[in-house]
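*Asks:* Here are the chains, one letter per residue:
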Amino acid sequence: MQFIDPHVHMVSRTTDDYEAMSAAGIVALIEPAFWLGQPRTAVGSFRDYFSTLVGWERFRSSQFGIRHYCTIGLNSKEANNEPLAEAVMDLLPLFATKEGVVAIGEIGYDDQTEAEDKYFRQQIELAKELDLPILIHTPHRDKKNGTYRSMDVLEEHGCDPTKVIIDHCNEETAQEVLDRGYWTAFTIYPGTKMGNERMVDLMKHYGPERIIVDSSADWGISDPLSVPKTAALMLERGISEADVRKVTYGNALTAYSQSGQMREEHWLDAPEIDRSQLFSGNSVLRNGRKTERADNIIEN
Amino acid sequence: MNTTLHHILHRHLSSDARDWLEAQVDTITDDFQPRKFYLAFGACARHLGNQVLNFSETDYSSLVAVYPNFVATDWTADELGRILLMTALPTDRNREVLDELFAATDYREAMALYRGLYFLENASEFTGRAREGLRTNMVGVFDAIALDNPYPARYLSQDAWNQMVLKAMFMQRPMYRIYRIEDRKNPKLADIFMDYAEERWSAHRPVSPELWRFVAGHVSDRSFPGLRKTIRNGSAMERAAAAKAILESDFVHARDWLGEQAIDTDDLPGWNEIGRASEGA
Chain A
1 MQFIDPHVHM VSRTTDDYEA MSAAGIVALI EPAFWLGQPR TAVGSFRDYF
51 STLVGWERFR SSQFGIRHYC TIGLNSKEAN NEPLAEAVMD LLPLFATKEG
101 VVAIGEIGYD DQTEAEDKYF RQQIELAKEL DLPILIHTPH RDKKNGTYRS
151 MDVLEEHGCD PTKVIIDHCN EETAQEVLDR GYWTAFTIYP GTKMGNERMV
201 DLMKHYGPER IIVDSSADWG ISDPLSVPKT AALMLERGIS EADVRKVTYG
251 NALTAYSQSG QMREEHWLDA PEIDRSQLFS GNSVLRNGRK TERADNIIEN
Chain B
301 MNTTLHHILH RHLSSDARDW LEAQVDTITD DFQPRKFYLA FGACARHLGN
351 QVLNFSETDY SSLVAVYPNF VATDWTADEL GRILLMTALP TDRNREVLDE
401 LFAATDYREA MALYRGLYFL ENASEFTGRA REGLRTNMVG VFDAIALDNP
451 YPARYLSQDA WNQMVLKAMF MQRPMYRIYR IEDRKNPKLA DIFMDYAEER
501 WSAHRPVSPE LWRFVAGHVS DRSFPGLRKT IRNGSAMERA AAAKAILESD
551 FVHARDWLGE QAIDTDDLPG WNEIGRASEG A
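In order, the protein sequence lines correspond to chains A and B. Start counting the first sequence at 1; every next residue gets the next number (my numbering). Start counting the second sequence at 301; every next residue gets the next number (my numbering).
These aren't lab readings, by the way, just hints derived from the structure by calculation. We put the beta carbon where it would ideally sit given N, CA and C, even for glycine. You may find that some hints are simply not true.
Label-pair distances were calculated between CB atoms; the ranges are [as the list claims (entries may be wrong)]: (1) B:L466 <-> A:E155: 52 to 62 Å; (2) A:E155 <-> B:T358: 30 to 40 Å; (3) A:E264 <-> B:D331: 58 to 68 Å; (4) B:Q333 <-> A:E264: 35 to 45 Å; (5) B:F332 <-> A:A115: 33 to 43 Å; (6) B:T358 <-> A:P83: 48 to 58 Å.
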């Protein structure tokens with residue numbers, strides 16, 4: 001089967017992960033702009049990060065045959081540093097229309113402060129101006145209120161819910177998010193978010209419509225194979241292949257292709273990984289190395 | 301603004317694309333504001349498309365007059381649209397405005413910018429930028445500067461040129477596509493390439509036959525042992541390249557030695573042919 005992981009932070013991952021993801025059938029991924037585990041202190045750090053998302057990481061991914069897309073936005077945590085947030089807001093127009101930018105995101109609330117609210121609203125307006133989908137990060141703490149408040153604000157700004165993905169949903173928030181017409185995404189992330197057995201139960205309860213599964217794998221203990229592993233568990237537990245395909249591939253594609261930047265032919269018609277792009281020196285794949293491991297031999 | 305590019309591109313765009321691009325050009329030339337330029341530059345992909353343009357012989361002769369080697373590669377509509385917009389910038393501000401853009405490009409934008417440098421009236425002021433671009437690890441971006449592009453041969457200093465050529469070899473790029481190789485060969489580069497060849501042999505790695513092109517003309521006691529070794533032990537293509545290097549040099553000792561070897565030097569392939577045959581090998 002082919003999979004899309006519509007939420008994964010590859011800047012934190014190794015080439016082993018890329019190899020494993022490719023081998024597991026992931027053909028495309030979306031890397032939302034988020035924070036890096038510690039707060040940035042200068043706008044230049046944001047500039048270089050956004051530039052990595054639209055440039056270097058996209059290239060790195062392509063070397064493993066995986067199409068890379070991203071979302072651009074100021075995350076809610078760092079929105080609380082207002083002078084910095086202002087400078088980041090000025091950067092966004094420079095990046096939001098780059099190739100492969102499929103949404104404004106991940107935006108929303110962390111602590112639900114006034115500053116978070118201000119930049120959330122400004123970015124909703126930017127998405128509307130550029131006619132881009134929106135990816136919403138729902139908070140860990142006070143999740144239910146944070147999720148509902150996010151939807152209230154989106155509706156206040158007249159957003160079409162079919163162009164909005166509400167991520168990190170759980171058993172407590174899913175019904176309301178679905179009822180209000182949004183794409184409803186679940187993150188399979190051990191410990192802090194949810195394991196995939198819960199996801200199987202959710203699927204049995206809600207069916208596949210408007211449901212999206214992602215890994216949100218990042219710098220924490222997380223699993224970039226969450227999507228294919230969850231698909232395997234769903235199949236094992238009797239969910240039909242068509243339904244599994246919807247939640248691990250089709251729905252994400254439909255939601256984000258509304259940006260005009262993500263199309264199935266990007267990977268279906270893609271040539272083999274361009275071997276002319278493999279080179280030695282400081283690149284990703286060294287000296288035409290093979291991807292299979294061979295005992296203790298490190299290839300020359 | 302580059303008027304040749306403007307006129308030719310104009311004729312190759314659909315009417316919608318043309319109207320959009322003209323409006324952007326007007327905005328930039330009448331009332332220049334960086335923000336509008338950045339938005340237009342990014343949006344070229346959305347309004348002009350990424351289809352390869354087919355030029356007539358007449359188009360090509362006009363374009364080659366302003367951009368040598370224009371015929372060597374394909375050019376897409378959005379790429380040339382972007383280049384046109386960059387040439388429309390006021391030259392007294394284009395370094396500052398483009399520096400900002402270079403720091404925020406996506407892959408294809410970066411390639412368009414580097415391929416377009418030669419079109420700028422003040423192209424000579426962008427050598428630092430070109431050198432910075434050559435530090436990339438993204439092959440497409442490196443190629444956009446190093447291969448087929450007339451900019452490096454005309455503007456880079458010898459040290460910068462040598463670094464570029466050496467990096468191209470490290471990256472296993474098709475060396476024959478570097479524009480004006482012959483004109484810019486130099487003895488220093490020949491020596492650096494001999495060091496590189498020895499490093500490769502020590503590591504039990506092959507040496508590209510294209511390497512000998514940079515030694516040709518500068519064969520000396522420094523390179524002769526390596527050439528001898530290649531002619532004795534190399535593949536057919538490596539032997540041919542090493543023999544050519546000796547024949548194209550006036551180092552008599554090596555030429556005499558070559559004459560004594562059982563190697564047919566009458567029908568050696570051209571350097572470009574050697575390059576093409578080595579590509580992807």
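*Asks:* Out of the numbered hints, which ones does the structure contradict?
*Replies:* Violated hints: 2, 3; rest satisfied.
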